[in-house]
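Sequences listed follow chains A and B, in order.
Be aware that the first sequence starts at 217, since it is given in our numbering, and climbs by one per residue.
Be aware that the second sequence starts at 0, since it is given in our numbering, and climbs by one per residue.
Be aware that a few hints might be false.
Claimed, not checked - In silico DSS-like links for lysine-lysine, alpha-carbon gap of 30 Å or less:
{"id": "1", "chain 1": "A", "residue 1": "K254", "chain 2": "A", "residue 2": "K333"}
{"id": "2", "chain 1": "A", "residue 1": "K364", "chain 2": "A", "residue 2": "K443"}
{"id": "3", "chain 1": "B", "residue 1": "K67", "chain 2": "B", "residue 2": "K91"}
{"id": "4", "chain 1": "A", "residue 1": "K254", "chain 2": "B", "residue 2": "K8"}
{"id": "5", "chain 1": "B", "residue 1": "K48", "chain 2": "B", "residue 2": "K117"}
{"id": "6", "chain 1": "A", "residue 1": "K246", "chain 2": "A", "residue 2": "K333"}
{"id": "7", "chain 1": "A", "residue 1": "K443", "chain 2": "A", "residue 2": "K254"}
{"id": "8", "chain 1": "B", "residue 1": "K48", "chain 2": "B", "residue 2": "K91"}
{"id": "9", "chain 1": "A", "residue 1": "K254", "chain 2": "B", "residue 2": "K91"}
{"id": "10", "chain 1": "A", "residue 1": "K332", "chain 2": "B", "residue 2": "K117"}
{"id": "11", "chain 1": "B", "residue 1": "K8", "chain 2": "A", "residue 2": "K443"}
{"id": "12", "chain 1": "B", "residue 1": "K157", "chain 2": "B", "residue 2": "K91"}
{"id": "13", "chain 1": "A", "residue 1": "K246", "chain 2": "B", "residue 2": "K8"}
{"id": "14", "chain 1": "A", "residue 1": "K364", "chain 2": "A", "residue 2": "K254"}
{"id": "15", "chain 1": "A", "residue 1": "K364", "chain 2": "A", "residue 2": "K333"}
{"id": "16", "chain 1": "A", "residue 1": "K333", "chain 2": "B", "residue 2": "K67"}
{"id": "17", "chain 1": "A", "residue 1": "K246", "chain 2": "B", "residue 2": "K157"}
{"id": "18", "chain 1": "B", "residue 1": "K157", "chain 2": "B", "residue 2": "K67"}
{"id": "19", "chain 1": "B", "residue 1": "K48", "chain 2": "B", "residue 2": "K8"}
{"id": "20", "chain 1": "B", "residue 1": "K8", "chain 2": "A", "residue 2": "K364"}
{"id": "21", "chain 1": "A", "residue 1": "K332", "chain 2": "A", "residue 2": "K364"}
{"id": "22", "chain 1": "B", "residue 1": "K157", "chain 2": "B", "residue 2": "K117"}
Since the hints were made in silico from the structure, they are not lab data.
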Amino acid sequence: MRNENSSHQGGSFYQRDRGWHPPAFTPEYKTSVLRSPKNALLSLGNTLSEMTGPVFGHNMLGPLDNDLILNYVQTGEPIGPRIIVHGQVLDEDARPVRGALVEFWQANAGGRYRHKKETYLAAIDPNFGGCGRTITDDEGRYWFRTIKPGPYPWPNGVNDWRPAHIHFSVFGHAFAQRLITQMYFEGDPMIWQCPIVMGIPSREAVERLVAALDRESTLPMDTMAYKFDIVLRGRRSTLFENRMEGN
Amino acid sequence: MVQSLRRLKESPSQTAGPYVHIGATPNFSGIEGIYPHDLGSQPLSPEAKGERIVVTGRIFDGSGTPIKDALVEIWQADAQGLYPSAGEHRGKADPHFAGWFRQPVDGTTGVYRFETVKPGVVPYFDGRPMAPHITFWIVARGINIGLHTRLYFGDEDKANAADPILGRIEHRVRVPTLIATRSDEAGLPVYTFDIRLQGEGETVFFDI
């Protein structure tokens, strides 16, 4: 990896703002009730075990890994609105996070996942698998092409629906930065009715997960575009930090 | 007004949901032909150095029911105590050891199982040795933000007693929640590490 990449170096990571993220216990999202630890988390600070993380090279990627329109074609292309999703992976100091593995998965245009536990009656699309991945470039940018996913009902309340969304899994440069989140779409009123989204304490934080329609990045007569930036934890520079070399 | 620090806020976490397997382990979930194999599922290289071990267990919810839809990632040092990471500046880690594995728990039994090598000793930030340990990261439906914990080894009493992290746990009754018990299976050490999300014996989770 590149030594000039500032976010590969430096000290410990900024404390995670637990009041910004959804808490573990969000009773409107029923499954969280029995899956939320009740004890306080033990503050560990960062050791090498948290300040390091796995490295993924571009050579692991197949040519269609970032193209969900083509990566599961069986008889033709999948049905639904064609979109490009792109953005930058940054740290909290707005520095690009290079070489970050970004994985994504989603339902098809009808809101149906290709999964054996999924029971929604919307049709499976024979040509849509629903997963992809990419690695950010030197400016922390990523992009992929897909079909815009549909909303779907889920067993929580008797009549709860998820807003259209794409799941994201992101690896930064350290295990302390590991993050899974979801991207929503600008203008969707269902975002504000979703018990999973509303577990996030502030409207300001929810808005960080709403991708903007990006007309300038559309392909005319071809594909719409949404821009979704992702922010991972930032880390201290080593100014005056009283730590052993290499820690 | 003062100058702005111009910092951004971390993207808020959201649950991995019930279909995390589609993204993380598509072949496991029956979506074949997109990736040659599921990332993190490849077996340990025969060339990796170190003692072969098995790490296994289940994850229980607050009712004592094993969770059957979780995804588990582990991250650990190699047998020499070096991390195969760009953030490792003390030396070069074993090139045949990735240090990172990922698996879904079994959909029927809830059991996870990793075959790996026993990690070496890694220093704490003040230079004291930490006892050998494996970092765990658990996500699932109903978990709003990934849970970090550590596995320590039940046959490392002396090292565990001197470990600076275990030593910081005020409620000593909770320390055993981080210690895997050893048994042997066909000559291979098997460490069982059950994780309890809530209730009696709730595992210690970390804010890292």
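Evaluation of the provided hints:
For the suggested pair K254/A and K333/A, the alpha carbons sit about 29 Å apart, so the restraint of at most 30 Å is met. Distance hint between K364/A and K443/A is fulfilled; the C-alpha atoms sit about 13 Å from each other, no more than 30 Å. Distance hint between K67/B and K91/B is unfulfilled; the C-alpha atoms sit about 37 Å from each other, more than 30 Å. Only pairs whose Cα atoms come within 30 Å are accepted, and K254/A paired with K8/B is accepted, the gap being roughly 26 Å.
Between K48/B and K117/B, the direct Cα distance comes to roughly 10 Å. Compliance with the 30 Å bound is thereby established for this hinted pair. For the hint linking K246/A to K333/A, the alpha-carbon distance of about 18 Å falls within 30 Å, and the restraint holds. Distance check on the hinted pair: K443/A and K254/A sit about 37 Å apart at the alpha-carbon level, beyond 30 Å; violated. This hinted pair checks out: K48/B and K91/B have alpha carbons roughly 13 Å apart, not beyond 30 Å.
Note on K254/A and K91/B: the hinted pairing is violated, with a Cα-Cα distance of about 40 Å set against a maximum of 30 Å. Between the alpha carbons of K332/A and K117/B the distance comes to roughly 35 Å, so the proposed pair goes past 30 Å and is violated. A hinted pair counts as satisfied when its Cα atoms are at most 30 Å apart, and K8/B with K443/A qualifies at roughly 17 Å. Simply put, K157/B and K91/B have alpha-carbon atoms about 27 Å apart, close enough for the 30 Å limit, and the pair holds.
Taking the CA atoms of K246/A and K8/B, the gap is about 27 Å. The hint holds against a cut of 30 Å. For the hint linking K364/A to K254/A, the alpha-carbon distance of about 38 Å lies beyond 30 Å, and the restraint is violated. Only pairs whose Cα atoms come within 30 Å are accepted, and K364/A paired with K333/A is accepted, the gap being roughly 22 Å. For the hint linking K333/A to K67/B, the alpha-carbon distance of about 12 Å falls within 30 Å, and the restraint holds.
A hinted pair counts as satisfied when its Cα atoms are at most 30 Å apart, and K246/A with K157/B does not qualify at roughly 42 Å. Proximity of K157/B to K67/B is assessed by CA-CA distance (about 35 Å); at most 30 Å being required, the pair is judged violated. At roughly 41 Å between alpha-carbon atoms, K48/B and K8/B are farther apart than 30 Å, so this suggested pair is violated. With a C-alpha separation of about 27 Å, the suggested pair K8/B and K364/A falls inside the 30 Å cut-off, and the hint holds.
Of the pairs offered as hints, the one joining K332/A and K364/A holds, with about 21 Å between alpha carbons and a cut-off of 30 Å not exceeded. For the hint pairing K157/B with K117/B, the CA-to-CA distance comes to about 16 Å; that is within 30 Å, so the pair holds.
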